[in-house]
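Undergrad: Sequence:
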Amino acid sequence: MNDGDLDSGDIIGLIADIFERRGAESYLGEAVTVAEHMLQTATLAVAEGAPDALVAAALLHDIGHFTSEFGEYSPGDTVDRHHDAAGAKVLEGFFPLAVTECVRLHVAAKRYLCATDPSYYGKLSEPSKHSLALQGGPMDETEIALFRSLAFHREAVRVRQWDDDGKATGAQTMSFDDFRPLLQRAVEQGRGEPRA
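Count along the sequence shown starting at 1, add 40, and that's the number in the numbering used here.
If you're looking for bench data, these hints aren't it; they were derived computationally from the structure. Check the hints yourself; a few may be wrong.
Calculated pairs, DSSO-like style, for lysine-lysine (alpha carbon to alpha carbon, straight line, at most 30 angstroms) [stated by the list, open to error]:
| hint | residue 1 | residue 2 |
| --- | --- | --- |
| 1 | K129 | K169 |
| 2 | K129 | K207 |
| 3 | K169 | K207 |
| 4 | K207 | K163 |
Predicted model, so just to flag it, every value in this text is computed and none were measured.
All chains, full assembly: derive it from the sequences and hints.
TA: Written out as structure tokens, the structure reads:
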């Protein structure tokens, strides 16, 4: 990928190309591929009747794992690669804040849930527990208060919950092409938002 691809404005085509070329890669030690995980997460959001922006965020929440598209990520890493921030950065300027902020905050939402829900940590997969340790572990009280002050924190928590459930082997999902109209609507909504 090069910067010219993003300048063209065809963010949906670019993401579709990445899904096609890279989606079958192993997902950090999970039993599903990256694409299977992202499609499962979004399909769960659709099944719940979520608004377009949250479905788009659910679909795109892990786009930052393709960091060589926009460094490589390995489940054996000993430092966090900040795929949340990387993904949000790629989507900024194309998608509305509801999408980019949920992508940016989905790791923080995991840390928040670990700190505020006593049963949550036990539900995490082993790879997710490993990445949690690299990402700072459960939030402290100051971090919890800061997270709760953010505009899209509740939405990010919901995306995180679909994220955690989107790791089932062999689950039936919608295809990337099924999501194209929804992504287009989200991009159009993003164009209508004022930019800082």
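Undergrad: For K207 and K163, compute the direct alpha-carbon distance and say whether it is at most 30 angstroms.
TA: Holds, at roughly 12 angstroms.
Undergrad: Next pair to validate is K129 with K169; report whether the Cα-Cα distance is within 30 angstroms.
TA: It holds: about 25 angstroms lies between the C-alpha atoms, which stays within 30 angstroms.
Undergrad: Is K169 close enough to K207, meaning Cα to Cα at most 30 angstroms?
TA: holds (14 angstroms)
Undergrad: Keeping to a limit of 30 angstroms between CA atoms, is the pair of K129 and K207 held or broken?
TA: holds (25 angstroms)
When the structure is compared with the earlier hints, no violation turns up for any of them.
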